[in-house]
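Engineer: Listed in order, the protein sequences are those of chains L and Z.
Reading the first sequence from the start, the letters are residues 0 to 160 in numbering that gives the first Met the number 0.
Reading the second sequence from the start, the letters are residues 0 to 695 in numbering that gives the first Met the number 0.
By construction, these hints were calculated from the structure, which means they are not laboratory data.
Treat the numbers as computed from the prediction; the structure is a model and nothing was measured.
There could be a bad hint or two in this list.
What the hints assert, rightly or not - The list that follows gives simulated cross-link-like pairs (lysine-lysine, DSS-like), each with its CA atoms no further than 25 Å apart:
no. : chain 1 : residue 1 : chain 2 : residue 2
1   : Z       : Lys636    : Z       : Lys478
2   : L       : Lys75     : Z       : Lys544
3   : Z       : Lys391    : Z       : Lys97
4   : Z       : Lys391    : Z       : Lys356
5   : Z       : Lys662    : L       : Lys147
6   : L       : Lys127    : Z       : Lys662
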Amino acid sequence: MTVAEDIMEIDEDTQKDKYLTFFIKGEIYGIDIRLVTEIIGIQPITEVPEVPAYVKGIINLRGRIIPVMDMRLRFKKDFLAYTDRTCVIVIEAHDMSLGLIVDGVSEVLTIPEPEIVPPPEFKATQNKYIRGIGKTGTGVTLLLDCDKLLNEKDENVLMNL
Amino acid sequence: MDPMMEMFVFESNQNLEQLEQILIQSEKNGSFSTDEINDIFRIMHTLKGSAAMMVVNEVAALAHAMEDIFFYLRENKPEHVDCSSLVDMILDAADFIKKEIDKLDAGEKADGAAEELIALTKKTLANLKQANEGIGAAADESTSKKKILPGNIEPIAALRGKADVAVIDLDEPVNVFQALIIYQPDCEMENIRAYTVLNNLKNYIAEEHHYPADILEDETSIDVIRKQGFSLCFTTSKDYDEVLELLNQTIFLKDLKLVQLLDVTQWEHWKTEEKAALPADLVEKKDVQKVEASKTIKKAEPKENAHQSMISVNVGKLDILMDLVGELVIAEAMVTQNPDLHGLELENFNKAARQLKKISSELQDGVMAIRMVPLTGTFQKMNRIVRDMSQKLNKTVELHLVGEETEVDKNVIEHISDPLMHVIRNSIDHGIELPEDRQKVGKPAAGNIILEAKNAGSEVVINIVDDGKGFNREKILEKARANHLIHKNEADLTDREIYAFVFAPGFSTNEKVTEFSGRGVGMDVVMKNINAVGGNILANSEPGKGCSITFKIPLTLAIITGMNIRIGRARYTIPIASIRESFKPSPKDIIIDPDGNEMVMVRGKCHPVVRLHELYHIDTAVKEFTEGIMVMVKTEKMILGLFADELLGQQQIVVKPIPSFIKNISKTLGITGCTLLGDGSISLILDSVGIVNRII
C-alpha cells in the first residue's frame, strides 16, 4: 500500500467505534462521531410553519441554513426551556444537515462492536432510531441511527403522531 | 469525469451541432457550397482525430468514412450529387455519434457498432463516383482527375492504412523526386530492405511509386533490386537536402541517386495508362490544390480571431462566483443595516455605504449576466426536429425564429429545451394539417410555426405559435369529462380553462398511440419542467386558425428584490415582482360573504383575503384588519390580498433553498425558500402561487 493509503486507513480507524455522547433528561445517547460536524450553543431559532412540533425551525449558521430538531420532544419527553447549557449538535450526512438540540454534551466514548447489543424489540416505531445499546464501564448508552433521523419522511411522521 | 473526456464530449457536441446546422442549410439550398463542404470535412476530421485519441474506435471509423465522401466532393466537385439523401445519411451518422458520446458522458462505455453505417457510407461514395464518372469524355477535367486520385490513393492506403496523408501535404509545396537505391552486394533480403526504406519514408511522402512494384510477395523482386537497384518515385513536402539525408540513412546502402523531377510523368515507371491524360491535367491539379490550399489558409485566419473573443468556462466556477456575490450582497446589507448604527447621524458613512451598495449592485448584475446565454443554440436545434418530423409525416412546415438573441440563465436553457421540443412536435403532429387539407381551407400548403422569445419585465416570454387547426374544444371537454377532471359547471368553463386541461397528466385526445404522441405523457412533463424553473405555461387557440403556447420564465433565479413583512415575531418576505400594491384597509373595504370568506374591495373589484397568521399558525397580536397591512399580490389566476402586521422595507435578497430535511418532512405550500436579513435572522420567502393553490 502506498503511504497515502496507509494514512487513510489509519484515519478511518481513529474515527471508527467512537461515539459522541449527550444526555437528555438523564439518559445518555450516543451518535457516530463521523457524522458530527460541530457543536454549538443555542441560537435564535426561526420557526417554520407546518412542521412537526419537534422540528423547532431553522438557524443561521455562518450563512448556512440548518434545520434544528428538539430531541426531548422527538423522544416524547417534556419540553425543557433552553438555557445557556443547551447545545446543538450539527450532524451531516447525504448532503443534508440537521441540528439536534440536547440538554448537554458529555464525552466521546469508544465502544467497540462486540460491546453493542441490538435493541430489544418493543414497539417498532419507538425503537426505529436506536441502532443498538452500547455497554460502557459505568452503564449503557443508547446509540442512535442517524440515517433514520435524517431520512424521515411524511409517513414516519404520521405514524408517530 | 476525467477532464479530457469532458473536453472531448463538450467539443464533439459543439461540432455535431454545427454540423447539423450546416447540413440543414445545405439541404435547403439543394446543394453543398465549397465553404460548407470544407466545414463539414473539417468537422469530420476533428471528430475522427479526437475520437481516435479517446479510443472510441467505431466513431473514428465512421467519421473517417464520412471524411472520405467529403474529400471526394471537395477534390472532384462532382455535378450529380443527391443532396437530400446524402444529408439524411450524414445526419444518421451524426445521430449515431451523438448517442455514443452521450453514453460516454453518462460514464458508460461507447459500445455501439457502426459497421452498417460505415458500409452504407462506402456504398454511397462508390455510387457517387460511379454516377459522376459515367459522364464526360476525356476532355472533362473531373474524370481524369478521378483517375489520378483514387488510383494513387490505393497504394498509399495499402502501405500505410490511412488515406488522409494526401490531405496533409496539400497545404504545402509538392516536390517530386526520383531515387535509385543500390544496395551492397550480398546484403541479402533486398526486398525487405526496400520495404524498410518505404516504411521510413512514409511519414514524409504523399504519393509514391516504386519499381519493382511488388517487393514483399514477389521473390523475383530481390533479383531486380540486386541488378537494377530499387527505384522509387514520390512526392513530398521536404526539399532535396532533407530527402537526401533521409535516404542516406538506409542500411547497406551502396549508392544513391536522387533526382528532383518537375512532375511525376518524367518517371518511366509511372502508371502508363495515365500518361496520356497526365501532363496538362496533373499540373492543373496541382494548381487547383494550391489555390484551394491558399483559400483554406485565408479562411483559417478570420476563424482564429472569432475564437479568441470567447472563452469556455466551467459552470462550477461560475456557480462559486455567483454564491460569493450572493454572500457579498448579504454582508453589505449586514453592514449598512447594522443595528449598532440605528439612529446615528453618520453622513460620511452613509455616503460611503451608498457607494458600496452601488458597486455591489453592479457586480451582482455583471455576474448574473455572465450566466446568461442566448437562446440561439436551443432554437436552432428545433430546425432539425421540424425537418425530421415534417419528412416523416409528409407535411411541409416552416419554422420562423424571432428574438433568438434573447438571453436566459444557463440553468433555464437546460430546462426549456425538452419542453420546446415537445410543444413543437405536438404542433406538427396534431396542429398542422396535411398540405391538401390546408389548401382546401385556403391556407398555404406549408404550415408555419413561429418560435418567438422576448423580455417582458422580469420575465422571459417564449411563444410557440402555429397556424394549424387549433385545439378541438369539444374533444378536450369530452376527454376531461371521461377523466373526471371537471369540477366546475361545464358551462362556466372559459376557453382558457378548457385548454388548460391538456396539461393534465395522462391527457391526450389521440385515439391511438403513435411514435410521436398519444400516450398523454408529454404536456404534463412540459409543465413540470417549466415549473421547475419557476415559470408558467399558457395555452390559447382559435379553432381552424391555430394554437399558441406561451412559456413565462422568471429572469433571475437567485437574487431578487423582496419586501419584508412582519407577522407576530416572525419575518417573511414577498418578492417585489408579485406585489401590486399595499395599503392599510379601512372597515368599509372588507366584505364577508355568506360562506364566511373574507374579501377586500379594490377599485371596484373583489379579491380574496388570506390571513397569513392563520394560514401559518403564527402568534400575533394584530388580528383586526385596520391594525395591519394588506398586501395585494398578483398571480396568474387571481389577485390575492395578504394580511400581515407590518411592512418592514425592501431589500435585495439572496434566495436560499429550504433545507432538504424540512422539505422531506412536510410539504409547506406557499414557502419557496428563505433568506438572511441584515441582522442575521432568517426570513421565509412567500410564494403567492403556492398560497393561491392552498385556498382554492
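Engineer: Confirm or reject each hint.
Structural biologist: Going through the hints against the structure:
Restraint check for Z/Lys636 and Z/Lys478: satisfied, since their Cα atoms lie roughly 23 Å apart, inside the 25 Å limit. Note on L/Lys75 and Z/Lys544: the hinted pairing is violated, with a Cα-Cα distance of about 65 Å set against a maximum of 25 Å. Taken as a hint, the Z/Lys391 and Z/Lys97 pair is honoured in the structure, with Cα atoms around 21 Å apart against an allowance of 25 Å. Of the pairs offered as hints, the one joining Z/Lys391 and Z/Lys356 is violated, with about 57 Å between alpha carbons and a cut-off of 25 Å exceeded.
Between Z/Lys662 and L/Lys147 the alpha-carbon distance is near 16 Å, which keeps this suggested pair within the 25 Å criterion. Only pairs whose Cα atoms come within 25 Å are accepted, and L/Lys127 paired with Z/Lys662 is accepted, the gap being roughly 21 Å.
When the structure is compared with the earlier hints, violations turn up for hints 2 and 4 and for no others.
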